[in-house]
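In order, the protein sequences belong to chains A and B. When the letters of the first sequence are read in order and numbered with the numbering used here, they come out as residues 1 to 469. When the letters of the second sequence are read in order and numbered with the numbering used here, they come out as residues 470 to 888.
Keep in mind that the hints were calculated from the coordinates and are not lab data. The reader is advised that the hints may include incorrect statements.
Label pairs and their in silico Cβ distance ranges [stated by the list, open to error]: (1) Glu448(A) - Trp717(B): 26 to 36 Å; (2) Thr697(B) - Leu469(A): 26 to 36 Å; (3) Pro675(B) - Asp211(A): 52 to 62 Å; (4) Glu189(A) - Glu658(B): 52 to 62 Å; (5) Ala796(B) - Ser407(A): 24 to 34 Å; (6) Glu189(A) - His629(B): 37 to 47 Å.
Calculated from the model, a selection of chain A residues having no Cβ within reach of chain B, i.e. all distances over 10 Å [unchecked claim]: (7) Pro81; (8) Asp112; (9) Met129; (10) Ser187; (11) Thr277; (12) Val296; (13) Gly408; (14) Val439; (15) Ser468.
Quick partial rundown of chain A residues pointing at chain B, CB under 10 Å, derived from the structure [to be verified]: (16) Pro95; (17) Lys98; (18) Arg99; (19) Asp100; (20) Leu101; (21) Asn104; (22) Met105; (23) Pro106; (24) Gly107; (25) Val110; (26) Val116; (27) Ala117; (28) Cys355.
Keep in mind the model is a prediction, meaning the values are calculated, not measured. We treat Cβ as the ideally placed atom computed from N, Cα and C, and that holds for glycine.
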Amino acid sequence: MLASTDDGLTVLEDTRTRVSFVFDAPLDGDVVDELRRLMLLADSPSQIIRDRQILARAVNLLDHGVANVPFYRRAATTYDPARIASLEDFARLPPLRKRDLRANMPGGLVDDSVDVAASVARGELGFVMTSGTGEERTSTLLDLDQPLLPFDVSALWEVPPEAVPSRLAVLTTPLCTGNLCHASGASYEDRLDGPDCLYLTSTSDLFGIGDRQVRAIASEWERFEPDLLMVNPHYLHWVGRRMEALGLPRPRVGRVLSSYQYLSRIQRRAIEAIFGTEVRDFYAATDAGRMAVECVNGRMHMRDDLSLLDAVPAPADARLPAGVGPVAVTTLGNAVAPLVRYLVGDLARTGLDRCSCAFAEWPCIELHGRWRDCLVTADGVRTTRQVDDAIAEVPGIDFYQAVQDGSGAVDLRVIPEPGGAFDPARASRVLDALGVETVTVRTVRRLEAEPSRKLALVKTCLPIPGYSL
Amino acid sequence: MTASGANGPDRWRRDFPILARELDGRPLVYLDSAATSLKPQAVLDAERRYATDLGANIHRSQHRLGEDTSLAYEEARATVAHFLGTRPSCLVFTRNTTESLNLVAHGLGLTPADRVLVPHLGEHHSNLLPWMQRATLVDAGLDPMQPIDPQELALAIERHQPRVVAFGAASHVTGIVQPIAEVCALAREHGVLSVVDAAQLAPHAPLEVDASGCDFVAASGHKMLGPTGIGVLAGREDALEQLAPLLWGGGMVDRVARDAVRLKGLPGRLEAGTPNIAGALGLAAACEYVERCGWASIAEHERSLAFLLRSALEAVPGVRVLGDAAATRVPIATVVFETDDVTPFMAERLLSDAHNVMVRAGFHCAHPFFDERGFTSGGLRASAHLYTTADDITRFASALAELLARLGARTRASREERG
Chain A
1 MLASTDDGLT VLEDTRTRVS FVFDAPLDGD VVDELRRLML LADSPSQIIR
51 DRQILARAVN LLDHGVANVP FYRRAATTYD PARIASLEDF ARLPPLRKRD
101 LRANMPGGLV DDSVDVAASV ARGELGFVMT SGTGEERTST LLDLDQPLLP
151 FDVSALWEVP PEAVPSRLAV LTTPLCTGNL CHASGASYED RLDGPDCLYL
201 TSTSDLFGIG DRQVRAIASE WERFEPDLLM VNPHYLHWVG RRMEALGLPR
251 PRVGRVLSSY QYLSRIQRRA IEAIFGTEVR DFYAATDAGR MAVECVNGRM
301 HMRDDLSLLD AVPAPADARL PAGVGPVAVT TLGNAVAPLV RYLVGDLART
351 GLDRCSCAFA EWPCIELHGR WRDCLVTADG VRTTRQVDDA IAEVPGIDFY
401 QAVQDGSGAV DLRVIPEPGG AFDPARASRV LDALGVETVT VRTVRRLEAE
451 PSRKLALVKT CLPIPGYSL
Chain B
470 MTASGANGPD RWRRDFPILA RELDGRPLVY LDSAATSLKP QAVLDAERRY
520 ATDLGANIHR SQHRLGEDTS LAYEEARATV AHFLGTRPSC LVFTRNTTES
570 LNLVAHGLGL TPADRVLVPH LGEHHSNLLP WMQRATLVDA GLDPMQPIDP
620 QELALAIERH QPRVVAFGAA SHVTGIVQPI AEVCALAREH GVLSVVDAAQ
670 LAPHAPLEVD ASGCDFVAAS GHKMLGPTGI GVLAGREDAL EQLAPLLWGG
720 GMVDRVARDA VRLKGLPGRL EAGTPNIAGA LGLAAACEYV ERCGWASIAE
770 HERSLAFLLR SALEAVPGVR VLGDAAATRV PIATVVFETD DVTPFMAERL
820 LSDAHNVMVR AGFHCAHPFF DERGFTSGGL RASAHLYTTA DDITRFASAL
870 AELLARLGAR TRASREERG
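Construct the entire structure; sequences and hints are all you get.
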């Protein structure tokens, strides 16, 4: 993609990455006119440039898929790149479902010109497997060289280049693919992945970890001195509370990157207060790679460098909030096992106003949490985001979980904030306002994690209208 | 009547409700029976019967439900004992094979001065750890890829003078069946107690505990079409009488005084606490089910499965099938990959997701076996049962071959050739 400069041309690899060429002579006027007609010059609206770039990459991916990947080759008519003239056309391609991924990995969805074994052996590709069970379960092949953060993250977060994080510690869910991950049984040295990455992940149930383990996490965190801590926010929040209770000094970290589940406003607030650092949200999935990242303005931007996201129009019977639909991801950054409009299992709203940050061209997305983590009311489905926004307005809550039973009644389990004044009646009222007819509010000492050891903020036993992955 | 006829696998499969389950709209191929077998409807009904028709504890209450439950439990014991070729008084219900072997190791009062001889370190951890914890484990050094050579074992017994010889009746890794009666007779000749881990043989062949001459035989219900959490320890009466209880509590005693206790006779004195009553009923139903199917029909079917499993896997490029091909085997086979690039764990997951083939990857509770042979990624095990079909095995082998070909798995040798 091209954009003009006064003395030559600038090639935009994507809207964030520019390479300039200087020419001895001015460009031919006809060429400039044609570039302008095609809206490829820098004076063209940047959003149009972005859309064209993304479209070109998506079409290239289809070209590649139809030529090299059996699944798309078998459906070459459907995925014919010649039929795709716009992102709207692209968004009409059929979504790929988790069952498609299961049935076609690695037989159908991997580029059959690639020596997968050699790439795996070289550490370029890796099989990754979700910790989900049942219909959520998937495996796929990912490019392990995908950057954790986008190029020019210093602009995204408005930090000096020297402040861009390079030492990463990870404190996430303890389960790997249905089996206990035994990382915590290993030594500090064994849990180092190279010199700049440390896994603090524990095998233990979040709410059952003992004092010794809390001290060990604090000690290793201090020893490693990460400047970025990637976390399941529930885990860090709880560990932070335990450190407070034990009177431990909170280890220093430059910034917290919240991943692995929906980031509650309450969790964000608590983590920032406990650790005195800012939290940035990060949207990724084991089976789909990195999809969005939060900017300095607190808005989530699609990872144009790796993914194309769109929100599939919700089926009529889904009764989701207006504009919210299942997220479909196209893995622009994974040509070996490309996923085209893969339903990753989350809900989001797209088509939002542009952000004013340095990454304005990367569209914003409003995440609403997992599709299966909703409440079902007579007035429609309430997403995790809607529930969390409501509960976050109630003072004195540290942790919560809203669990809906088969009758539609919601049991709101709350761990109150230390020293906070929690008003159960107020919590009940905010759920009433969401259309929940029967609410019970209980204070508890622990919450129940999923089999994967993730902790859903919202759960329902009712069938979710229109749910289909 | 042939195994494939009216009483063959096609008929048997209809008795297993789970085989009607589809995943992503496709049927499943269950080849993990050595870990846990599937359960026929008769077993599910028997377990349910305890909850719906009986419901009481055993050997305690004299009310109607209590008596009905006690009667059903003892009838279950009689059924299982008959099935295993022993008397009810010589059959102790336990949780599983592991508990049975621990009961023996504990009950004999072994100390580090006692040697327990195993033929090799290819035994299941459950037949190593109980001995390692209490006695001195001695490895006879026999080849786990071959059936036990009684002459070699005799030499080892003479050399090490063990108090116990413990061995798996059928290998959970290779499926190789051991000469049980010969080994037990050999032990008896040398005045050594014999302990048979029959977890993998009991599902596939009649044990005839009394006729085998073995002192102790352990088995698990969940591998022989029964429920989980129920197992047995059977054996010679005078051997069982030597055992001190592993657990102490209610149900095992005739009388307790301030400073004395009088234990019940066998088997009750080894069954402290309320047992798994539903499990016992379910196990008895499993035994009855197998008898209705008929050992002859099952044996005919499983012989062909074992042969097919071996031959189908030997035809898959890039894998090595463990164990002597000429040995008598139950339908269990483990392969190791001749590549480092694809691991059995990866294959297990992908076979499940893409083909609905359920096999098991790992070290199969036999770490020393894999470690000593340098199989650092473990192996992939397929294990069949009477409900398995030839088509299941063909689908597995074909899927494995396709998977390895797709992943471009290269052998160590070929990789070196290609630089």
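Quick rundown of the hints versus the structure:
1. Glu448(A) - Trp717(B): 26 to 36 Å: At 35 Å between Cβs, range holds.
2. Thr697(B) - Leu469(A): 26 to 36 Å: Between Thr697(B) and Leu469(A), where Cβ atoms are some 31 Å apart, the hint holds.
3. Pro675(B) - Asp211(A): 52 to 62 Å: For Asp211(A) against Pro675(B), whose Cβ atoms are near 55 Å apart, the range 52 to 62 Å holds.
4. Glu189(A) - Glu658(B): 52 to 62 Å: holds (54 Å)
5. Ala796(B) - Ser407(A): 24 to 34 Å: Given about 60 Å between the Cβ atoms, the range is violated.
6. Glu189(A) - His629(B): 37 to 47 Å: holds (40 Å)
7. Pro81: With a cut-off of 10 Å, Pro81(A) remains clear of chain B, as the shortest Cβ separation is near 25 Å.
8. Asp112: About 8 Å separates Asp112(A) from the closest Cβ of chain B, which leaves it inside 10 Å; violated.
9. Met129: At roughly 6 Å from the nearest Cβ of chain B, Met129(A) sits no farther out than 10 Å, so the non-interface label is violated.
10. Ser187: holds (20 Å)
11. Thr277: Given a closest Cβ separation of 37 Å, the condition holds.
12. Val296: holds (40 Å)
13. Gly408: holds (29 Å)
14. Val439: The claim stands: Val439(A) keeps its Cβ more than 10 Å from every Cβ of chain B (closest is about 34 Å).
15. Ser468: holds (13 Å)
16. Pro95: Pro95(A) check fails; min Cβ-Cβ to chain B is 16 Å, beyond 10 Å.
17. Lys98: With a closest approach of 9 Å, the Lys98(A) hint holds.
18. Arg99: Where the cut-off is 10 Å and the nearest Cβ of chain B is about 4 Å from Arg99(A), the hint holds.
19. Asp100: holds (9 Å)
20. Leu101: For Leu101(A), the interface hint holds, since the closest Cβ of chain B sits about 8 Å away, which is under 10 Å.
21. Asn104: holds (7 Å)
22. Met105: holds (6 Å)
23. Pro106: Result: holds, 5 Å to nearest chain B Cβ.
24. Gly107: holds (6 Å)
25. Val110: At about 7 Å, which falls below the 10 Å cut-off, the nearest Cβ of chain B leaves the hint on Val110(A) intact, so it holds.
26. Val116: holds (5 Å)
27. Ala117: Since chain B brings a Cβ to about 4 Å from Ala117(A), closer than 10 Å, the hint holds.
28. Cys355: violated (38 Å)
In this structure, the earlier hints numbered 5, 8, 9, 16, 28 are contradicted, and the remaining ones agree with it.
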